[in-house]
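Visitor: Could you fit the two chains together into a complex? Lean on the hints.
Protein sequence lines correspond, in order, to chains Z and D. Residue numbers for the first sequence follow the numbering used here, beginning at 1 and rising by one. Residue numbers for the second sequence follow the numbering used here, beginning at 1 and rising by one.
Please keep in mind that the hints were generated in silico from the structure rather than gathered at the bench. Even glycine gets a Cβ: it sits at the ideal position worked out from N, Cα and C. Don't take every hint at face value.
[Unchecked claim] Interface residues of chain D toward chain Z, partial, derived using beta-carbon atoms under 8 Å:
#1 Asn31
#2 Phe45
#3 Phe88
#4 Phe98
#5 Phe100
#6 Gly101
#7 Gly103
[To be verified] Derived list of chain Z stretches under chain D, where covered just means 3 residues or more per stretch with a C-beta under 8 Å from a C-beta of chain D:
#8 33–42
#9 103–110
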Amino acid sequence: SQTIHQWPATLVQPVGSPLSLECTVEGTSNPNLYWYRQAAGRGLQLLFYSVGIGQISSEVPQNLSASRPQDRQFILSSKKLLLSDSGFYLCAWSVGQTNTEAFFGQGTRLTVV
Amino acid sequence: GQQVMQIPQYQHVQEGEDFTTYCNSSTTLSNIQWYKQRPGGHPVFLIQLVKSGEVKKQKRLTFQFGEAKKNSSLHITATQTTDVGTYFCRGRANFNKFYFGSGTKLNVKP
Chain Z
1 SQTIHQWPAT LVQPVGSPLS LECTVEGTSN PNLYWYRQAA GRGLQLLFYS
51 VGIGQISSEV PQNLSASRPQ DRQFILSSKK LLLSDSGFYL CAWSVGQTNT
101 EAFFGQGTRL TVV
Chain D
1 GQQVMQIPQY QHVQEGEDFT TYCNSSTTLS NIQWYKQRPG GHPVFLIQLV
51 KSGEVKKQKR LTFQFGEAKK NSSLHITATQ TTDVGTYFCR GRANFNKFYF
101 GSGTKLNVKP
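Extracted from the complex, chain D is given alone in its bound form (with noise of 0.2 Å):
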């Protein structure tokens, strides 16, 4: 059963404003990765936190993960049209074994 819980399900912003992602997993987590999924694509890996407290950066999006490493976030600052899609967790619980989180819908608005 799904082990990797994220909110919201859905995120409507104007372009301009911040959108941030939230997994919660009721075990710990050995690493978590976070993923985007343009409309009608597939899922594309952004990134990978594997240490307590981690947090890393690419241009507008920050990754957090929790110092119990079972939970993170993904916030992106002054979203932009092109940042739509759905965003997924990914948490490795044990050997293997890998689930998603629900995803995020982002919508921008122009």
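If we strip away everything but chain Z, and leave its shape as in the complex, we get (with noise of 0.2 Å):
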């Protein structure tokens, strides 16, 4: 069965520090990624999406980015964070383009101080 994994759970990073959050998934090959953040309160906003290694689509223009080093591995990345970078983080999976399902992470709370 498929499974995913993602990590740390908890982050308290301060201003300015770099920041990396990984996400892997098991069972599946070729899968499609995605990094959602979601603010206190908030809807699901899309990072990034990727379709395939090195392929990433970026949605929003911040100071985040993202990498795909692995077939099932997905990076967010931060040189230096903000205090609005603050948020529940979600890496999700789905598969094919018309199986649209998507599958979440446990997600990472992420507050900067």
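Guide: Have a look at this one:
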């Protein structure tokens, strides 16, 4: 069966520090991968999506970046965090173009102080 | 930017009352999905609608997809405290572009 792992679960980082969140998927090949951010009490904002290794599409210009070094690995990074980067970050995957159900990781709650 | 609008933002109901949340898109959607996010948790897939005018039911939940495939609704009959959470729609606009609605947070008073 397919599983998705996202870590860490919680993170407190000072302003200006770097960020690296990792997400890995098991049990499937060539998944579509997504990074979403959810501000407190708000909706889900699509940050990045990837349809293959090295293929990243950005939805929102900001100080975050994403990389996909391996087929089932998706990394969200920042060189210098801002206070406004605080939120709940969710990684998700889906397969193919027609079967578009998305499966989410447990999320990372990031607090920038 | 946001392409799928969802209302209401919040809904407080007494247990046993009905609840409905609506999603509207400015563009035609190839399909629409609904997710539920419990407090502190991650979104979990509920259902997907594909056909124009499609209606699907899951026990007390009824999902509809509009004839023009631009709007959708989720209706819960006789809410229970276990229904508490935030309900999101997710629309597929074009190839691999999926947008979530802003969500409706449901609170059910026992």
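Visitor: It remains to establish, for every hint, whether it holds in the given structure.
Guide: Hint check:
1. Satisfaction of the interface hint for Asn31/D is found here, the shortest Cβ-Cβ separation to chain Z being roughly 7 Å, below the 8 Å cut-off.
2. At its closest, the beta carbon of Phe45/D sits 5 Å from a beta carbon of chain Z; the interface hint therefore holds under the 8 Å criterion.
3. Because the closest C-beta pair between Phe88/D and chain Z is about 6 Å apart, less than 8 Å, the hint holds.
4. At about 7 Å, the closest approach between the beta carbon of Phe98/D and any beta carbon in chain Z falls short of 8 Å, and the interface hint on this residue holds.
5. Taken as an interface hint, Phe100/D checks out: its beta carbon lies about 4 Å from the nearest beta carbon of chain Z, inside 8 Å.
6. Satisfaction of the interface hint for Gly101/D is found here, the shortest Cβ-Cβ separation to chain Z being roughly 7 Å, below the 8 Å cut-off.
7. Restraint check, Gly103/D versus chain Z: the minimum CB separation of about 5 Å is within 8 Å; hint holds.
8. Taking a C-beta to C-beta cut-off of 8 Å, the region 33–42 of chain Z contributes 4 residues in contact with chain D, enough for the three needed, and the coverage statement holds.
9. Under a criterion of three residues with beta carbons nearer than 8 Å to beta carbons of chain D, the stated coverage of the region 103–110 of chain Z is upheld, 5 such residues being counted.
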